[in-house]
Amino acid sequence: MARAFASGWRHIGIATTLLFTLIVTACTDAVTGVTLPQDPDLTATTNVTSTSCMLVSASDSSLFVGDSAYLSATVLTTKRSGKSSTSTAVTWSSSDTSVVRIVGRYARGVRAGAAILMATAASCSNSVPVTVADKPPVVVPTPPPTTAKQLPLTLQWLDRSVATPVASNGIPLPAGYLFERDLPSVALTDGTQEIARVLTPLAGRYADGSLRAVLLQFRADPTKTALQLNIGTTHSLADPAPWPIPSPLPQAVAYPASPAFLVSTQLVGPTITVAENPGATYESQFQTFSDKHWLAEGAQWDQANYYDRALSHFTYWMRSGNLLYWQRAVALALNYRTQYIEANAYGPSPHWMLLEGLAAHYWLTGDTLSRTAVIKSIARVWQGFTPTNMADPNYAYIEGRIQARMMIGSLLAWELGDTGQDWKALTTAYKNNMITLQRADGSYAWPNWCGHQANFMVGMQNDAMIKYYERIQADPAIITTIRKSVDYMSQVAWRPLQQGFSYMDIPCLPTDDMSPMFDLNMLIVTGYAFTGAKTGQRSYIATADSIASGAMTSSWLDGSKQFNQQYYDSHQWLWYRK
Numbered sequence: 127m128a129r130a131f132a133s134g135w136r137h138i139g140i141a142t143t144l145l146f147t148l149i150v151t152a153c154t155d156a157v158t159g160v161t162l163p164q165d166p167d168l169t170a171t172t173n174v175t176s177t178s179c180m181l182v183s184a185s186d187s188s189l190f191v192g193d194s195a196y197l198s199a200t201v202l203t204t205k206r207s208g209k210s211s212t213s214t215a216v217t218w219s220s221s222d223t224s225v226v227r228i229v230g231r232y233a234r235g236v237r238a239g240a241a242i243l244m245a246t247a248a249s250c251s252n253s254v255p256v257t258v259a260d261k262p263p264v265v266v267p268t269p270p271p272t273t274a275k276q277l278p279l280t281l282q283w284l285d286r287s288v289a290t291p292v293a294s295n296g297i298p299l300p301a302g303y304l305f306e307r308d309l310p311s312v313a314l315t316d317g318t319q320e321i322a323r324v325l326t327p328l329a330g331r332y333a334d335g336s337l338r339a340v341l342l343q344f345r346a347d348p349t350k351t352a353l354q355l356n357i358g359t360t361h362s363l364a365d366p367a368p369w370p371i372p373s374p375l376p377q378a379v380a381y382p383a384s385p386a387f388l389v390s391t392q393l394v395g396p397t398i399t400v401a402e403n404p405g406a407t408y409e410s411q412f413q414t415f416s417d418k419h420w421l422a423e424g425a426q427w428d429q430a431n432y433y434d435r436a437l438s439h440f441t442y443w444m445r446s447g448n449l450l451y452w453q454r455a456v457a458l459a460l461n462y463r464t465q466y467i468e469a470n471a472y473g474p475s476p477h478w479m480l481l482e483g484l485a486a487h488y489w490l491t492g493d494t495l496s497r498t499a500v501i502k503s504i505a506r507v508w509q510g511f512t513p514t515n516m517a518d519p520n521y522a523y524i525e526g527r528i529q530a531r532m533m534i535g536s537l538l539a540w541e542l543g544d545t546g547q548d549w550k551a552l553t554t555a556y557k558n559n560m561i562t563l564q565r566a567d568g569s570y571a572w573p574n575w576c577g578h579q580a581n582f583m584v585g586m587q588n589d590a591m592i593k594y595y596e597r598i599q600a601d602p603a604i605i606t607t608i609r610k611s612v613d614y615m616s617q618v619a620w621r622p623l624q625q626g627f628s629y630m631d632i633p634c635l636p637t638d639d640m641s642p643m644f645d646l647n648m649l650i651v652t653g654y655a656f657t658g659a660k661t662g663q664r665s666y667i668a669t670a671d672s673i674a675s676g677a678m679t680s681s682w683l684d685g686s687k688q689f690n691q692q693y694y695d696s697h698q699w700l701w702y703r704k
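All you need for this note's numbering is the position in the sequence shown, starting with 1, plus 126.
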């Protein structure tokens, strides 16, 4: 237990100093524009060019008219005394503004052609070529004809002091299941009678235009618990006026009765139901320690939510159908949002930017304040942790955990339908930087970590890239990058007999003995399972299972943070290992 506890607080001097620094920098633009020397191990990608004084890149060097790419430029300097950096303003220009126009930090395609984008800072300059093509004829996806189908719901009465409660909750949907045009033809019934209802589309659409979630509200009869949405039928009753979104909890909810349907929405990523998992220990340990930590910490954000316990509890509810975990997740998300995010004017430290649970809270309750919290938080924090900074291998605050959270925050803002930034381009830029900064042997180098890597942070990077792969574009470079990273960790950090990873890839502090730190296994496991699933090499799946076994046998789940780390994203391992 002592060893496991130590793993959660190792390098506390580094981490604490960095955390308090980031709380300041995340709320200002003080770190924006910092330029640092070139890492000799930096490898270039096809859309990155460099000179002796500047590294420049575009998140996409082949645009369609109307699309945009995020531009990054880092000035590199070297003095006789060693590497150093200067903060130098960079100005971008286009060789042909009729083809590519510079708009802030973006290159916008105007018409078909080619242009050279030049970055200039004092006497240093460099360029990157960009081509623009006409967009293919816009083919508006024709939604398939509405087919009659039924979605069974279970009414659960939460406030028994109200005789006829108002049910109000968001219903997540899989891609292609329901289009906004279908809403008038959706009837809510109790098996014999239609019930007047309000169906409101929630923000965010899939690529085919279908809805990610809808808000369902109606006056409920608590004696009628088996309900269903009949899609593609006649909705004959007049819609009542929408009710205000209740907080903290509604009087009743009506959620899909089947966990299989809930996990099919992939709201929390690909996973399987509790019933489908043959490994009982993974499930029983979650239940045991969820109860224990709820009694000890409740929903208090600074005690309970580090590494997004709200997300893991929404996930367990979806996988099991047990509303207890939904209720705990709602409480956790609301406490974190109101007591930290809103209380700090949407300026979280990147270490505490836990936005996935808030996004899930919006889609599962319709509470627009949680959507606002996600968008405002990433919009503020990215100003200090831009893709330009996250592309610099020597940037003072670069590390895998921050890279992952910036990328996921941008992805969520895009999925939530915000248009204040080109979030898809930003997400792509963060993804490209992760790939570019990987060294030839598969490792990463971060200044605040002895110029090497903390293995669990690489696991978090890999998880972020997997989310990009599944939710934006199946970029094959992601498979290659993740495979290289797990191969490297297997060589230098994995202890197969003990079934654990060392904290770092090399000894960083004099006290480091490279012993396995089991508490962090499950932040790494999904990268192995993903690699096995995508390459067809089952040896990676076998290693993933061994990683999970070590975690379930030896992790110190009495620790609040350790419990959260174990279950933050490991539910995806269950999917890829199939």
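Derived by calculation from the structure, the hints in this document are not laboratory data.
All values derive from a computational prediction rather than experimental measurement.
Fair warning: there could be bad hints in the mix.
Label pairs and their in silico Cβ distance ranges [claimed, not checked]: (1) 410 / 227: 34 to 44 Å; (2) 322 / 661: 30 to 40 Å; (3) 606 / 684: 30 to 40 Å; (4) 662 / 350: 41 to 51 Å.
Taking lysine to aspartate or glutamate pairs in the EDC-like style, the calculated list, with each CA pair at most 16 Å apart, reads [said to hold, decoys possible]: (5) 704 / 671; (6) 550 / 613; (7) 550 / 316; (8) 550 / 601; (9) 275 / 222; (10) 350 / 402; (11) 704 / 402; (12) 502 / 544; (13) 660 / 596; (14) 660 / 601; (15) 687 / 423; (16) 502 / 468; (17) 660 / 613; (18) 418 / 639; (19) 687 / 320; (20) 550 / 186; (21) 610 / 639; (22) 350 / 308; (23) 261 / 193; (24) 261 / 316; (25) 687 / 417.
From the three backbone atoms N, C-alpha and C, an ideal C-beta is built for every residue, glycine too.
Hint by hint, here is what the structure shows:
Taking 34 to 44 Å as the suggested C-beta distance range, the pair residue 410 and residue 227 does not conform, at roughly 58 Å. Between residue 322 and residue 661, the C-beta spacing of about 52 Å breaks the proposed range 30 to 40 Å. A beta carbon spacing of about 39 Å between residue 606 and residue 684 agrees with the range 30 to 40 Å that was offered as a hint. Against the hinted window of 41 to 51 Å, the Cβ-Cβ separation of residue 662 and residue 350 comes to about 49 Å, which satisfies the hint.
A threshold of 16 Å between alpha carbons decides the hint, and for residue 704 with residue 671 the separation of about 11 Å falls inside it, so the pair holds. Among the hinted pairs, residue 550 with residue 613 is inconsistent with the structure: their alpha-carbon atoms are about 29 Å apart, more than 16 Å. At most 16 Å may separate the alpha-carbon atoms for a hinted pair to count; residue 550 and residue 316 exceed this at roughly 41 Å. Only pairs whose Cα atoms come within 16 Å are accepted, and residue 550 paired with residue 601 is accepted, the gap being roughly 14 Å.
For the proposed pair residue 275 and residue 222, the alpha carbon gap of about 53 Å is over 16 Å, so the pair is violated. Our distance criterion of 16 Å between C-alpha atoms is broken by residue 350 and residue 402, whose separation comes to about 29 Å. About 10 Å separates the Cα atoms of residue 704 and residue 402, which keeps this hinted pair within 16 Å; it holds. Simply put, residue 502 and residue 544 have alpha-carbon atoms about 10 Å apart, close enough for the 16 Å limit, and the pair holds.
Between residue 660 and residue 596 the CA atoms are separated by roughly 12 Å; this keeps the pair inside 16 Å, and the hint holds. Pair hint residue 660 plus residue 601 holds up; C-alpha atoms about 12 Å apart against a cutoff of 16 Å. The hinted pair formed by residue 687 and residue 423 meets the criterion: a straight-line CA distance of about 12 Å does not exceed 16 Å. With a CA separation close to 10 Å, the supplied pair residue 502 and residue 468 stays within the 16 Å bound.
Between residue 660 and residue 613 the CA atoms are separated by roughly 15 Å; this keeps the pair inside 16 Å, and the hint holds. This hinted pair does not check out: residue 418 and residue 639 have alpha carbons roughly 32 Å apart, beyond 16 Å. Pair hint residue 687 plus residue 320 does not hold up; C-alpha atoms about 47 Å apart against a cutoff of 16 Å. Using a Cα cut-off of 16 Å, the hinted pair residue 550 and residue 186 holds, with the two alpha carbons roughly 11 Å apart.
A hinted pair counts as satisfied when its Cα atoms are at most 16 Å apart, and residue 610 with residue 639 does not qualify at roughly 24 Å. Of the pairs offered as hints, the one joining residue 350 and residue 308 is violated, with about 25 Å between alpha carbons and a cut-off of 16 Å exceeded. For the given pair, residue 261 sits about 9 Å from residue 193 by alpha-carbon distance, which is consistent with the 16 Å threshold. Distance restraint check for residue 261 and residue 316: the Cα-Cα separation of roughly 48 Å exceeds the 16 Å cut-off, and the hinted pair is therefore not satisfied.
A hinted pair counts as satisfied when its Cα atoms are at most 16 Å apart, and residue 687 with residue 417 qualifies at roughly 15 Å.
Consistency note: the structure conflicts with the earlier hints numbered 1, 2, 6, 7, 9, 10, 18, 19, 21, 22 and 24.
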